[in-house]
Amino acid sequence: MTNLKNSLTRRIIPLMAAMVSSTCLTGADWLQFRGNDVSGVSALSEIPATWSDTENVAWKVDLPGRGASGAIVIGDQVVVTASSGFRQDRLHVLSFDRASGQKNWERQFWATGRTMTHPKMAVATPTPASDGERIFAFYSSNDVVCLDLDGNLQWLRGLTHDFPNASNSLGMSSSPIVIGDTLIVQVENDAESFATGLDTSNGKARWKKVRPKKANWTSPTFWQEGDAAPMALLQSSAGIEAVHPQTGKTIWKFGDGASTIPSSVVTLDSLLIPSNGLTAVRLGEKVDDEEGSPEVLWNDRKLGPGTSSPIAVNGKVFVVNRAGVLQAADVNTGSLLWRLRLKGPFSATPVAAGKHLIFFNEKGDAQVVDISGAEGEIVGENTVGETILSTPAIADNEMFVRSDGHLWKIAK
Amino acid sequence: MPRFSRSFAAASVFSAIVFSTVANLSAADLSPQLKAVRSVSREGQGNEAAAAAVRTLSAASASDLSQILAGFEGASPLAANYLRNAVESVADRHLAAKKPLPAKQLEAFVLERSNDPRARRLVFEVLAKVDSTAGDRLIPTMLLDPSPEFRRDAVQRLVGEAEGLGKDSADKAKQVYRKALSGATDSDLVKKISKSLKDLGDEVDLVSHFGFLTAWRIVGPFDNRDFIGFDIAYAPEKELDFAAKLKAKDGEVAWGEITTSDKFGIVDIAKSVAPHKGAVMYLATSYEAAANRNVEFRFGTPNAWKLWVNGKFLFGRDEYHRGMAIDQYRVPAKLKAGKNVILLKLCQNEQDDDWAQRYQIQIRVCDPSGVAVLPVSSKNQTTSDVRSQKRQPQRLTAQAEGASE
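Protein chains in written order, with this note's numbering: chain A, 1 to 412; chain B, 1 to 405.
If you're looking for bench data, these hints aren't it; they were derived computationally from the structure.
There's no promise every hint is true.
Residues from chain A that keep clear of chain B, each with C-beta distances beyond 12 Å, as calculated [stated by the list, open to error]:
no.: 1; residue: Ala99
no.: 2; residue: Asp143
no.: 3; residue: Leu198
no.: 4; residue: Glu225
no.: 5; residue: Ser335
no.: 6; residue: Arg339
no.: 7; residue: Val379
no.: 8; residue: Asp404
Short, incomplete list of chain A residues facing chain B, as computed with Cβ under 7 Å [claimed, not checked]:
no.: 9; residue: Pro119
no.: 10; residue: Phe194
no.: 11; residue: Leu268
no.: 12; residue: Gly292
As the structure is a prediction and not an experimental result, all values here were calculated from the model.
Beta carbons are placed, not taken as given, at the ideal position from N, Cα and C, and that holds for glycine.
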């Protein structure tokens, strides 16, 4: 836990200071995919290990459209996106009162880009992001919508409208993240592939750079040490590119390739990349060779994740493989610590609350694993009875998870 | 993408007249704000001014809705979304405060088919919140509406009606299904209706219903190993000469013909010609239009492609095996009266995975709402009588893929 607290202190506090200019954050928010620091970890939270229709479900509300996007939590509201219509070309942003589940407001938009996806996916697959005072909703159609917390439109962009070959017929899923006053968006596909840093105040591009011409469903993450400038970490089939969020200028590259589905995760001082299994590289400005690559700390081919991204908690990394086997390994060495068979298949990335990891499989079955002991132990099995592809959000002692039809708040 | 030729100014006058019949004419002049919103353009240009304008528009009264709705006429997809947000804000504010909305005027706007289809649908959904009878009264009249959403609702009602008829009412059910089919453009509903009709003994000509192009001239394979072919302008891109012998990947090739009998118009090169890999094939056909008109070429393919109409390059996409569906791509085009020449370049890569072997295309001609636009003659024409044409330089058109409804 000490390592984790140090990590949070070193990485989150400077970033939050940069992110938030006027809104007071309680620390109880979950502002983007895998949370504020993109770790998927809410170290101090306690989520019930078991729940049912009559126990530990604070509320359940209907949603007007489909979505594999996760909820985000901003103060007293929970925000989700959805897509509806025969062609999924109606884009929704919804805000619910966190305490009651009452709908605060809903805004809809027409997709300006292509809306074809694999049947399993939805146009509302990327998780929205927030800087605490604005909401940035992103969709597979490559529409970006910025609203204030009352649902008032601040700006919008149609990235396929602007760049007509930027699309993927299977759908796009990369979730944007906010770093300071820049929204990092990866629009990577087989045809017109790019990443861009959008000014959060007006949606204009601070930078736009060509990216590998290959379909890519991964999401960016970031690294920041102390008061140093943060770096955005962009994953693709080529590897990882670390860039300055404000300029897009390349800091370093890891060029040994990486998965195009599960995303990398940052630990205390390393980045765990789904590359040739799982590869750990040292993070920082310093690079390892003249080509500007980071130092490779370890690699293990048996730790390759399936669809879910890995998660690192308290010195361990947890990976679910395609067979649904959860593997725990030492984050510093990659040494396998234990294995535990779960009931899959999984699309959602697990989240951590205190000593528990929470896994939602595609059938809507949630498995709660206690990771505090020498071996992992399933301590709770629950179901919401609907397909779950989204990654849950955790804020304080509350968890929010959505299906195509509903949003649940799980809490005592 | 403008859908009607009437000007924004004319639309403003019309909407003002419609709304003024009961509600007072707006006191506020919102034209500066509407101009700001309608000026928003690529890459975020005009976003700040548009956002400021929407703040003003969102504070407008219900009687100002006519002005805002008129702003949809000819608005870009980006501007339409800004306007949508303003309309939603005005409506939500009035509904939350239990203030009346001008229901009769809203309904008149919905029923006027020359108004922007997006705005009409938006207004209908607002109207339905204050008038629970709106759906039952209005939707049945919208079977052939320019708005695909209205038409879909009307079709679904008829399908429901047909399904509710007993086995003793087969003839009546056929009539209702046929009526539903007349307005159906969404593939799921067309498939459902055609299956029901087939069960009742009626066959549906899906090729004609969708407007698939089924007869083509074809030549190739040209080289696409290592993906080189997409960017190489082989001979058919420079000049269409169906009598010429062309140097290709494996030697000299000549134009042949291919006609599909697939009920969904799929031209399957892998099965009907050869399972070429690392290849480029060209397909050409002619299409006789009754008059000059705007259409959409809609097609599905798992292969990379480029499209020319009358020698003008319209769009291309370098993507392989990411799925195939009816209306996967939508490319706006202008047809001239008489004969039009359509040229397709279809590329196959070298993947050996089982799921990467399809080499096919399904293409149709329709209006912007998805209704088939058939050629003058009921059968597609091959290009045997098309004279040689020189190509225009390639240029990606910005509207080609941004035309989602």
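Hint by hint, work out which the structure violates, then give me just those numbers in ascending order. 2, 3, 9, 10, 11, 12
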